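Fit chain B to the known structure of chain A by using the hints.
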Amino acid sequence: MSHSEKAEIFNKNEAKVNWHDKALWFVREKRDTAAHKVKGWEELRNLASGIKANVLSNLDEYLIEFEENAQKNGIKVHWASDAEEHNTIIHKILEDNKVEKVVKSKSMLTEECHLNPFLEDRGIEVIDTDLGERIVQLAKETPSHIVLPAIHKTKEEVDTLFQEHLGTKPSNGNPEYLTNEARKHLRDKFLKADAAITGVNFAIAETGGIVVCTNEGNADMGAHLVKTHIACMGIEKIIPNEEHLGVFLRLLARSATGQPITTYSSHFNKPAEGKEMHIVIVDNGRTEQLSRKEFRSSLHCIRCGACMNTCPIYRRSGGHSYDATIPGPIGSILSPGKDLTKHSSLPFASTLCGSCSNVCPVKINIHEQLYAWRQIVTKEVKQPVVKKTILKITGVALSNRLLFNIAGKSARFMLKYAPRFMVYSKLNVWGKARELPEIKNQNFDDWYKVKRKNNG
Amino acid sequence: MGRESILKSIKSNKPELVELPEIDLNLFAEEIDILEAFKSNVKLVGGKLKELGDNEDIDSVIRELYPKAERIVSQLPGSNLRTVLITKETEPHSLEKIDLAIIKGEFGVAENGSVWVSENQFSVRVLPFITNDLVIVLSKKDLCLHMHEAYKKIANRDRNFGLFISGPSKTADIEQCLVIGAQGAMSLTIVLI
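Chains as they are written, first to last, in the numbering used here: chain A, 1 to 456; chain B, 1 to 193.
Read the hints as simulated data drawn from the structure, not as lab findings. Any given hint might turn out to be false.
Derived contacts from chain A toward chain B, CB cut-off under 8 Å, selection only [as the list claims (entries may be wrong)]: (1) I135; (2) A139; (3) T142; (4) T179; (5) L290.
So these bits of chain B aren't anywhere near chain A, every CB distance computed over 10 Å [as the list claims (entries may be wrong)]: (6) E70; (7) N80; (8) S114; (9) Q176.
Computed from a predicted structure; not experimentally measured. Glycine included, every Cβ here is placed at the ideal spot set by N, Cα and C.
Isolated chain A, as found in the complex (with noise of 0.2 Å):
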């Protein structure tokens, strides 16, 4: 199903996409605010893309590095090629500890290698601490936003969901009672795992740590409880120094939810005695990315979700339409380039309006690869025939002055004298559920040429 088919169904529901739309620019407006508060905030913003660029053009060299600091410090390192290998990496650590309940704190790159159910389908409990994640995860769905994964979901949704799974009291959805419920319920969880599985949001090659932010506390709750953890990242987490954690700790959680620093900062750079830590270090398409010269600085994204927030499309089709781990501008521009086909609609799903490359704060030029993405679409991927035949007359019509005049009038004078079931026919998508402009008699040329004659 492409993009704008399942828009559709997320727009059935019209106070719903509301409320989604004014949520997530709220938002972006407590983004402004915290931005607005940084002195040097674009400088901010140059620097954390020249060290992104920087970490692209050397990142075997501070892979490498990084994984000699880590093993130094005794945390252990595996290599992934894709999301296979990366499972299988993870089970056999588990298997190797005897681990039956694992806690999972939030990671888009265990989303996009699918671990959950390769784990399930060999005996392991895997429990999303994130409560967002939770939260999509009893309701057996995936996260709708990288930053807010259950921002698709009501609060009576969520309290349904609760009494069904947990064996809580109805409350008309009061998120209090019901971050409390959860709370209790994820404490049991944290307290019986034996291995608990995080993300990582910075991997410093210097001195061989990772850095992994949270809100509730639930990726350090995990960790310390349990004699493994296992965190896993993608090979563009990589950052040269630790000074470089001043830049991009400075942008983060402003630019994803408008706080000034995350609650929690937590920076691991050795196991506890006797306790195990492993990193594993994932490709799954990375390297293919960084091939390609006009997509490479897709690769700079930390996973923030300000495109998305900002986005006039994602607000208004909701992440699940995006059919992709990554939703959003970001993820329309890195879906491609794993599966062309699949995921050929998403760089369509934009206005161009370039509002995501303005929030960016690693400076990623959003729309422009989106439209770059549009050009080899259209030339891979096989087109529908309509939208076909409508820009290849389109084309014509803008190169000939006569057609163009012709078609302008002619579009007038339909919109003027045309019956409204011709004009809001379902051939007129832009006549859907939206009235079309009042007609003047004249076109913008003839308007210009009176005006012209008027003024002398």
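Chain B only, in chain A's frame:
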């Protein structure tokens, strides 16, 4: 598969070397009252703040703030509030029912109200998360302006486990309503001395 193939693939796909930019701290310098900025940001992130008065002592101030706390871990030297003693050997699960943990903060960061604490200040890593409430005692002299300064301060530390804590554990995962007290500590009070 694995390491060699990833490194090989990066080598052949990476662009020409782009220079690493220098961080010019002049860009971020500000003449502000860092104590006031720190205090207002602690409140912004949902933390509580208590400034120790001239004739007050830490123990009684904390006792007043958390009168119901029974199982208390204090990692401050000379504290009389401690009811549970922990050491490096303490089994982390045994801290499940701790009501209050008191630890010393190394320094605070004005721009975001966070405090750097490290394993040197608490014997068991899970303590600041598993405790119901958390108190961090911090000297007013130990404040810095922003994260760039913060990383200079910890550049030569013993790298084991450490973190910036900014306010209590929180979530807004249910319809974007902010709820304090998710999986970590339900409250955080910074006692400024």
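Here is how each hint holds up against the structure:
1. This hint holds: A:I135 has a C-beta 7 Å from the nearest C-beta of chain B, less than the 8 Å allowed.
2. Given hint, A:A139 at the interface with chain B, is violated; its Cβ is 13 Å from that chain's nearest Cβ, farther than 8 Å.
3. Annotation: interface hint on A:T142 violated; nearest CB of chain B at approximately 15 Å, more than 8 Å.
4. For A:T179, the interface hint holds, since its Cβ comes within 8 Å of a Cβ in chain B; the closest pair sits about 4 Å apart.
5. Against a cut-off of 8 Å between C-beta atoms, the interface hint on A:L290 holds, since the closest Cβ of chain B lies about 4 Å away.
6. The non-interface label for B:E70 is consistent with chain A: the shortest C-beta to C-beta separation is roughly 18 Å, beyond 10 Å.
7. Even its closest Cβ contact with chain A, about 28 Å, leaves B:N80 beyond 10 Å, as expected for a residue assigned away from the interface.
8. With a least CB separation of 5 Å from chain A, B:S114 falls inside the 10 Å interface cut-off, contrary to its annotation.
9. Residue placement check: B:Q176 does not keep its beta carbon more than 10 Å from all beta carbons of chain A (closest about 5 Å).
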